[in-house]
Amino acid sequence: MNGAHLLHYAWFAVRGVQALRPRPGRGRLGPVFGVEGHAVALTVDDGPHPDWTPPLLDLLARHGVRATFFLIGDRVRERPDLARRIAGEGHALGNHSMTHPHPFAALAPAALEAEIAGTQEAIERATGVRPRLFRAPSGNWSPRVLRAAAGHGLTPVDWTVNPSDWRAPGTERIARALDRSRAGHIMLCHDGGGDRSQTVAALAHVLPRLRARGLTFATPPGRG
Numbered sequence: 001m002n003g004a005h006l007l008h009y010a011w012f013a014v015r016g017v018q019a020l021r022p023r024p025g026r027g028r029l030g031p032v033f034g035v036e037g038h039a040v041a042l043t044v045d046d047g048p049h050p051d052w053t054p055p056l057l058d059l060l061a062r063h064g065v066r067a068t069f070f071l072i073g074d075r076v077r078e079r080p081d082l083a084r085r086i087a088g089e090g091h092a093l094g095n096h097s098m099t100h101p102h103p104f105a106a107l108a109p110a111a112l113e114a115e116i117a118g119t120q121e122a123i124e125r126a127t128g129v130r131p132r133l134f135r136a137p138s139g140n141w142s143p144r145v146l147r148a149a150a151g152h153g154l155t156p157v158d159w160t161v162n163p164s165d166w167r168a169p170g171t172e173r174i175a176r177a178l179d180r181s182r183a184g185h186i187m188l189c190h191d192g193g194g195d196r197s198q199t200v201a202a203l204a205h206v207l208p209r210l211r212a213r214g215l216t217f218a219t220p221p222g223r224g
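The numbering of the sequence shown is my numbering, which starts it at 1 and goes up by one.
Calculated from the structure, these hints are not laboratory results. Idealized CB from N, CA, C, for every residue including glycine. Some hints here could point you the wrong way.
[Said to hold, decoys possible] Cβ-Cβ distance ranges computed for the label pairs, FRET-style: (1) 130 - 30: 19 to 29 Å; (2) 90 - 168: 22 to 32 Å; (3) 151 - 212: 41 to 51 Å.
Using the sequences and the hints, build the whole thing.
As structure tokens, then:
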């Protein structure tokens, strides 16, 4: 097993520890795993999607929640209007690669650079905003991925609460997982890659409950 694979599996253990004691990452290149204060961060991957991004944005607006959308470059090129809407409604934009390839850490250096640089260009062209945050597809980190992100001034962001909503396990199961979020946690959800109606429905239940517990919503911190 090479160093990239060892680091990838090590993040699973780190996520478990951070779920118990979430704090922003402190390593020079390592991912951020938490937010400060009595806040949680809602992060949304794999969009924008014409069916699921608009209702999710409507929901977030109703509850006054600011999220971080990790966008796929090809999907931004297809729907720049949705990327502009996300930015215009005050949400943070993150880079989630151009095509979401698997395994991301196994890409050749030139392909890795193209995935990150192309997404930076696509998002900035569509919205006028240059992302400062990056999430590797499937959290597939490696030393080379981390260095490539740093080369673009991007802060890598991981997560501490994963409801596996991409599997569409049911609204109740997604909601139960998200309900376990507490101060400092980064929640992982999706608005692309499939039918995300369960995710939107689960968040409709969870967001007011988190608010009722006194939690606020923040975006993961950049290091730049």
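Taking the hints in turn, this is what the structure says about them:
1. About 22 Å separates the C-beta atoms of residue 130 and residue 30, a value consistent with the hinted range of 19 to 29 Å.
2. Judged by the Cβ atoms, the range 22 to 32 Å given for residue 90 and residue 168 holds: they are separated by roughly 28 Å.
3. Range check, residue 151 to residue 212: about 42 Å between beta-carbon atoms, so the 41 to 51 Å window is met.
When each numbered hint is compared with the structure, no violation occurs for any of them.
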